[in-house]
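Participant: Given next are the chains, with one letter for each unit.
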Amino acid sequence: MPGPTLPARAEALLPHAGRMCCVDSLRSFDEKEALVDVFLRDDHVLLNKDGVLDRAGFVELGAQAAGAMHTAVHAAGNTPPGLAMLAGIQKFTVYADAYAKDRLEITVAVLGELEGMSSLSFRVKREGELLAEGKLKVFMPGPDFSLEGGAQ
Amino acid sequence: MMDSSRLPEAIAGCLVESIRITAQESDSLTLDAALVFPDDFVGFDGHFPGNPIVPGIVQIMSAAYVAAQHGGGRLQAVKRCKFMRPVRPGERIWLVVERTPGGQCDAALEVDGEPCASVSFLLDAE
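So the sequence lines, in the order shown, correspond to chains G and X.
Using my numbering, count along the first sequence one by one with no gaps and you end on 165.
Using my numbering, count along the second sequence one by one with no gaps and you end on 133.
Worth flagging that the hints you see were computed from the coordinates, not collected in a lab.
Errors might be hidden in some of the hints.
To be verified - Calculated cross-link-like contacts (lysine-lysine; reagent style DSSO-like; alpha-carbon spacing at most 30 Å):
hint : chain 1 : residue 1 : chain 2 : residue 2
1    : G       : Lys104    : X       : Lys86
2    : X       : Lys86     : G       : Lys138
3    : G       : Lys45     : X       : Lys89
4    : X       : Lys86     : G       : Lys150
5    : G       : Lys148    : X       : Lys89
6    : X       : Lys86     : G       : Lys62
7    : G       : Lys148    : G       : Lys104
8    : G       : Lys104    : X       : Lys89
9    : X       : Lys89     : G       : Lys62
10   : X       : Lys89     : G       : Lys150
11   : G       : Lys62     : G       : Lys114
12   : G       : Lys104    : G       : Lys62
13   : G       : Lys104    : G       : Lys150
14   : X       : Lys86     : G       : Lys45
15   : G       : Lys148    : G       : Lys114
As the list claims (entries may be wrong) - Now the stretches of chain G that chain X is said to cover, found in silico as 3 or more residues with beta-carbon under 8 Å:
hint : segment
16   : 24-31
17   : 66-78
18   : 100-110
Every residue, glycine too, gets a C-beta built ideally from N, C-alpha and C.
Generate coordinates for the entire structure from the input sequences, incorporating the hints supplied.
Facilitator: In structure tokens form, the structure reads like this:
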């Protein structure tokens, strides 16, 4: 599908900026699934002093991957994306840690959409090894919604 | 200020005003804590430009940190989590978490008496 040229820089697709833009690039996408990657630089904001990714950080990687997908799909359809805000998390499980200098792949897949709420699954892998997975609920209120109303 | 090499930079700038045990039973422990994320907290750097709010995962990190103060453990799973209200710079988060010996934890986070998040999670045994 048309849209951003791939791979696309994630910061251009996300409302996040600076240190809190935690993923690098969108590698592929369609309306149902996307692949995003990140190289964990030594100064990545989600690493601790020992170079270990905080385990909750896997959720942020999934959420930002979902955000990049959301913007790309709307760009491909030439429609304004509006905001995509993390509203909930379910069945998140960590299987192994990630470390500084790891290159991670994050896949997100749409499970369903209902009344402005989208349910997605995400998986984080390192060279094919599944490190963590879970489900996200993302509030997508439409292009007229103000961030003042709430977001995570 | 939180002081642990286990913490990522994304939470290390949090001001912990208090952490205390409020109830201890044979099968559970309840802790509460007051946390503030100041204007210069790194989590506000680009989250979001012109409209800083505490990232949702930072609220989970905070709950796991407080729960681990007695019994240790690292985040292993989140059964469910719900975000209800954005948290702005300088707002005081009141966090109450109940922990069982197996590491199962249930946390409620509030600002000014208004729920901002709830999270049910599991800490590993370390």
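Participant: Each hint should be assessed against the structure and marked as holding or not.
Facilitator: The hints, checked one at a time:
1. Lys104/G with Lys86/X: Satisfied, since the Cα-Cα distance of roughly 5 Å is no more than 30 Å.
2. Lys86/X with Lys138/G: This hinted pair holds, its Cα atoms lying about 20 Å apart.
3. Lys45/G with Lys89/X: holds (24 Å)
4. Lys86/X with Lys150/G: Holds. Lys86/X to Lys150/G sits at ~13 Å (cutoff 30 Å).
5. Lys148/G with Lys89/X: holds (12 Å)
6. Lys86/X with Lys62/G: holds (27 Å)
7. Lys148/G with Lys104/G: holds (6 Å)
8. Lys104/G with Lys89/X: Since the Cα atoms of Lys104/G and Lys89/X sit roughly 12 Å apart, the hinted pair holds (cutoff 30 Å).
9. Lys89/X with Lys62/G: holds (29 Å)
10. Lys89/X with Lys150/G: holds (9 Å)
11. Lys62/G with Lys114/G: Answer holds: Lys62/G to Lys114/G is near 14 Å, not above 30 Å.
12. Lys104/G with Lys62/G: Holds - the C-alpha atoms of Lys62/G and Lys104/G are around 28 Å apart, at most 30 Å.
13. Lys104/G with Lys150/G: holds (11 Å)
14. Lys86/X with Lys45/G: holds (24 Å)
15. Lys148/G with Lys114/G: Between Lys148/G and Lys114/G the Cα gap is close to 26 Å, so the pair holds against 30 Å.
16. 24-31: It holds: at least three residues are needed, and the segment 24-31 of chain G offers 4 whose Cβ sits within less than 8 Å of chain X.
17. 66-78: holds (count 8)
18. 100-110: holds (count 8)
Comparing the model with each numbered hint stated earlier shows that all of them hold.
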